[in-house]
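Enquirer: Below are the chains, spelled out letter by letter.
Protein chains: 2
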Amino acid sequence: MLAEIITIGDEILIGQIVDTNSAWMAKQLNLIGVSVKQITSVSDEEQHILSSLAEAEKRADIILITGGLGPTKDDITKKTLAKYFGMGFRRDEGALEMVASIFKKFNRPLLDINIQQADVPDGCEVIVNRNGTAPCMWFEQNNKIFVSMPGVPYEMMYLMDDEILPRIKSRFQLPSIVHKTILTANIGESFLAAEIEEIEDNLPSHIKLAYLPKLGQVRLRLSAKGDDENALKTEVKIYAQQIISKVNKFVVIDEDIPLEKAILNMMKERGLTLSTAESCTGGYIAHLITQHPGCSSVYWGGAVAYAYELKESILGVKEGTLAKFGAVSEETIVEMAEGALKHFKTDYAIAVSGIAGPDGGTVDKPVGTVWIAIASKAKTLAKVFNFSNKRIQNIERSAASALVMLLNLLREDLHKE
Amino acid sequence: MLAEIITIGDEILIGQIVDTNSAWMAKQLNLIGVSVKQITSVSDEEQHILSSLAEAEKRADIILITGGLGPTKDDITKKTLAKYFGMGFRRDEGALEMVASIFKKFNRPLLDINIQQADVPDGCEVIVNRNGTAPCMWFEQNNKIFVSMPGVPYEMMYLMDDEILPRIKSRFQLPSIVHKTILTANIGESFLAAEIEEIEDNLPSHIKLAYLPKLGQVRLRLSAKGDDENALKTEVKIYAQQIISKVNKFVVIDEDIPLEKAILNMMKERGLTLSTAESCTGGYIAHLITQHPGCSSVYWGGAVAYAYELKESILGVKEGTLAKFGAVSEETIVEMAEGALKHFKTDYAIAVSGIAGPDGGTVDKPVGTVWIAIASKAKTLAKVFNFSNKRIQNIERSAASALVMLLNLLREDLHKE
Chain E
1 MLAEIITIGD EILIGQIVDT NSAWMAKQLN LIGVSVKQIT SVSDEEQHIL
51 SSLAEAEKRA DIILITGGLG PTKDDITKKT LAKYFGMGFR RDEGALEMVA
101 SIFKKFNRPL LDINIQQADV PDGCEVIVNR NGTAPCMWFE QNNKIFVSMP
151 GVPYEMMYLM DDEILPRIKS RFQLPSIVHK TILTANIGES FLAAEIEEIE
201 DNLPSHIKLA YLPKLGQVRL RLSAKGDDEN ALKTEVKIYA QQIISKVNKF
251 VVIDEDIPLE KAILNMMKER GLTLSTAESC TGGYIAHLIT QHPGCSSVYW
301 GGAVAYAYEL KESILGVKEG TLAKFGAVSE ETIVEMAEGA LKHFKTDYAI
351 AVSGIAGPDG GTVDKPVGTV WIAIASKAKT LAKVFNFSNK RIQNIERSAA
401 SALVMLLNLL REDLHKE
Chain L
418 MLAEIITIGD EILIGQIVDT NSAWMAKQLN LIGVSVKQIT SVSDEEQHIL
468 SSLAEAEKRA DIILITGGLG PTKDDITKKT LAKYFGMGFR RDEGALEMVA
518 SIFKKFNRPL LDINIQQADV PDGCEVIVNR NGTAPCMWFE QNNKIFVSMP
568 GVPYEMMYLM DDEILPRIKS RFQLPSIVHK TILTANIGES FLAAEIEEIE
618 DNLPSHIKLA YLPKLGQVRL RLSAKGDDEN ALKTEVKIYA QQIISKVNKF
668 VVIDEDIPLE KAILNMMKER GLTLSTAESC TGGYIAHLIT QHPGCSSVYW
718 GGAVAYAYEL KESILGVKEG TLAKFGAVSE ETIVEMAEGA LKHFKTDYAI
768 AVSGIAGPDG GTVDKPVGTV WIAIASKAKT LAKVFNFSNK RIQNIERSAA
818 SALVMLLNLL REDLHKE
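If you read the sequences in order, they're chains E and L.
Mapped onto my numbering, the consecutive letters of the first sequence carry residue numbers 1 to 417.
Mapped onto my numbering, the consecutive letters of the second sequence carry residue numbers 418 to 834.
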């Protein structure tokens, strides 16, 4: 079963927003055994939308469309879909009721353009959108399904979870797809490939192996497709186990979860706690950690100590240390990490201080210089990195490196247990 | 001048990664007057890549391709491009030198699969990639340009900035595109549209208006296309001014910058300082702020106070308040904001505490209940919100709402000056 995703709207094509919807939708579709053949972003132009619909219809069985359903004049998805299917318009009472109730809830007058949001192509089935004023529309033609959804992420997500995915599941006999992901760190993609070459060469044709490198970590993903889910699972498990045995010391976890989540799981299992002391990463590490439900049993919190004053008052860094060595130094980072450990009373602490850029670099400490320390009750490890001159990347790479350092120290400590 | 972007690789199609590259590339292309007609993500399958190249060649003048250039077997972009253009292979000495120097730098042995990264289709021009082992390849056919780049974001970004964009600019006579963005808050999309309907109806055909709603803010974007950049700027400015006059009280700023950056600018201009006290947003507000260069003159830092203990020790929230009213309450949030103001010695402080979910909800305080307070020396404002049951959205919407509250208080205070 193949699906395609079409996003409509100039904002993606001019780079004003990143298309996070499609990745989310693709992930959900894959989980129920629907492969996504192509993701296409097109502009708010009738001809372009019409031709991309026709092309997608040739390739796929299910076409999911987001965007272009707002009440304003630049949104033409509904009109264009009516043209594509040769339909007229009708006013949908259920959709109108929903629009009216939303405006009533916020005590706002119902405008004509809002009422028009309940006008839909007359041959579609309306799926009520409980979180917004644009209705979701389900079309069928030549045994293919087209669904048009709003581009607002949470409206789309509710519709997919509550309505679209269950309908697709009950409608089709779906093949099974089994993925197995192994997260590795401390080894580059090509070294990993050389290590497991023989295993890769012997994979059967219905099992694929992909390498997904990101910020010093490489994810290995085995994907198997077939009819018998349990057989696929067994098979994939055997190959995953071969890989894990071969590159064991680089394996972080054999689950498709981010590094920080693997660390949280490891620490939670052992009742360990964590705090952070961030300067140049500015809360990004805390944010990575706190995205995950249940993090609070491990992560107690931390400081975003941008100003010298806060490094001193919250973390207890000595004024003299900052004056003599500067904020980006081994001496300061060690005091930050140990200060977090002491003041926040956790078992482990991460500290990061660096020059994220684009300004603030010197000859001795150019932009991209980042000190990272990990403290535990037994010891503190500090290391300096030289990243790039791009701010956002420096923040992301600092966070990833800090997490890898924490992982390595945790493993060392657990090994001693 | 039209461009298309093709990303190759299963990781986007199975939703394992979000395609941030394409948005970044589209933005850079638009700035130099190249419109992006379509963005397409296709799988690592030869036939699919070939047909998407052929389709893109029909529609666009410049085709930018990312991904599928790794050393491992699942990456087939290079082979497929050679087939598309009917080329053989040659070993590129410049590319080989770069690969060898990278391995030398990291003191690692050069493997066969790494040497093979220097093999390229023989009719392409190699553009050396200074940040990775996969070379960038420039092809020309039928007066169209194809560029293949690695999918690793920072490798692609350097190549675009340093090589590809300058070459495109010097090669083509590009039309001018002028964008003007107006950021609004505290008003919904349809009300905004109703307010400025007359202005929108009178726009000339070469100027388009788009509405980009996100988390309680709406961006209005005027886009003009033509030959005379100065004339376009003047024209767009006039229409932008008409819109701003009409909906003045909802306008945050008339620049294409995020809300937190607008706030930073406003505060910097007046020498004001800011701190944060985050519980459920877990450092996300700090991260939003510290993404921006130069934020340190306004933003001093803050606390991520997840545990009760840290709310007390860093922010001075009283144990009795937490015991009596809980962490998610008006009493606690006021103490958090006022504690940040006092302990971090800033002019303004943001505090957020809520139940991000999916667990932790109660009948009285369901998941999505979030208290936000903004404190200044003169006053503290606190407000409760009821968001959704999705964790990441609750974090993002809490942050956006906190920033809008801060903006409103800042405006009120500045108005009094």
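Derived from the structure by calculation, the hints contain no laboratory data.
It is possible that part of the hints are untrue.
Here are the in silico distance ranges between beta carbons for each label pair [claimed, not checked]:
id, chain 1, residue 1, chain 2, residue 2, range
1, E, D161, L, K794, 44 to 50 Å
2, L, D776, E, G123, 42 to 48 Å
3, E, I238, L, D776, 33 to 39 Å
4, E, M87, L, E672, 55 to 61 Å
5, E, S297, L, N803, 48 to 54 Å
6, E, S297, L, E747, 22 to 28 Å
7, L, N548, E, I76, 53 to 59 Å
8, L, D529, E, I238, 51 to 57 Å
9, L, L419, E, D161, 35 to 41 Å
10, L, M504, E, S176, 35 to 41 Å
11, L, D529, E, R167, 48 to 54 Å
Cβ coordinates follow ideal geometry from the N, Cα and C atoms, glycine included.
Enquirer: Take the hints in turn and mark each one as holding or not.
Expert: Comparing the hints with the structure gives:
no.	hint	result
1	E:D161 x L:K794: 44 to 50 Å	45 Å, holds
2	L:D776 x E:G123: 42 to 48 Å	43 Å, holds
3	E:I238 x L:D776: 33 to 39 Å	35 Å, holds
4	E:M87 x L:E672: 55 to 61 Å	42 Å, violated
5	E:S297 x L:N803: 48 to 54 Å	26 Å, violated
6	E:S297 x L:E747: 22 to 28 Å	26 Å, holds
7	L:N548 x E:I76: 53 to 59 Å	41 Å, violated
8	L:D529 x E:I238: 51 to 57 Å	28 Å, violated
9	L:L419 x E:D161: 35 to 41 Å	37 Å, holds
10	L:M504 x E:S176: 35 to 41 Å	40 Å, holds
11	L:D529 x E:R167: 48 to 54 Å	50 Å, holds
Consistency with the previously given hints fails for numbers 4, 5, 7 and 8, ordered from lowest to highest.
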